[in-house]
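Q: In terms of this note's numbering, the sequence shown opens at residue 1 and continues consecutively.
Misleading hints may appear alongside valid ones.
Unchecked claim - The calculated label-pair distances, taken between Cβ atoms and stated as ranges, are:
{"id": "1", "residue 1": "Arg-42", "residue 2": "Lys-14", "range": "38 to 44 Å"}
{"id": "2", "residue 1": "Gly-48", "residue 2": "Asp-18", "range": "45 to 51 Å"}
{"id": "3", "residue 1": "Gly-53", "residue 2": "Glu-23", "range": "27 to 33 Å"}
{"id": "4", "residue 1": "Glu-13", "residue 2": "Ala-50", "range": "46 to 52 Å"}
{"id": "5", "residue 1": "Gly-48", "residue 2": "Leu-15", "range": "36 to 42 Å"}
In short, the hints are calculated from the structure, not lab data.
Glycine residues also receive a C-beta, built at the ideal position from the N, C-alpha and C atoms.
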Amino acid sequence: MDTLHQSDAALQEKLSFDTFRNEVLRDYRIACESRQTSLLGRKEVLTGKAKFGIFGDGKEVAQLA
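Using the sequences provided together with the hints, build the complete structure.
A: This is the structure in structure tokens:
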């Protein structure tokens with residue numbers, strides 16, 4: 001019976017790690033997309049294709065966690 005509880009706890013720990021890993025990867029993807037969007041917008045403004053732009057550096061998105 002004790003081994004059942006140990007394997008149950010190990011399974012729960014593995015699932016929580018997988019959930020954590022997926023959340024970290026999702027946050028990283030959002031931060032990368034934000035950074036690329038910011039760089040693209042800045043490029044459009046600096047080359048004259050856009051009249052103005054309101055962009056942050058995307059650094060605030062890097063603080064997702």
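Q: Could you see if the CB distance from Gly-48 to Asp-18 stays within 45 to 51 Å?
A: At roughly 47 Å between Cβ atoms, Asp-18 and Gly-48 fall inside 45 to 51 Å, so the hint holds.
Q: CB of Arg-42 to CB of Lys-14, is that within 38 to 44 Å?
A: With Cβ atoms ~42 Å apart, the hint holds.
Q: Could you see if the CB distance from Gly-48 to Leu-15 stays within 36 to 42 Å?
A: Given range 36 to 42 Å: violated, Cβ gap about 52 Å.
Q: Verify the CB-CB distance for Gly-53 and Glu-23 against the hinted window 27 to 33 Å.
A: Distance hint for Gly-53, Glu-23 holds at roughly 31 Å.
Q: Evaluate the given range 46 to 52 Å for the C-beta pair formed by Glu-13 and Ala-50.
A: The hint (46 to 52 Å, Cβ to Cβ) holds, given that Glu-13 and Ala-50 are roughly 49 Å apart.
The structure shown violates just one earlier hint, number 5.
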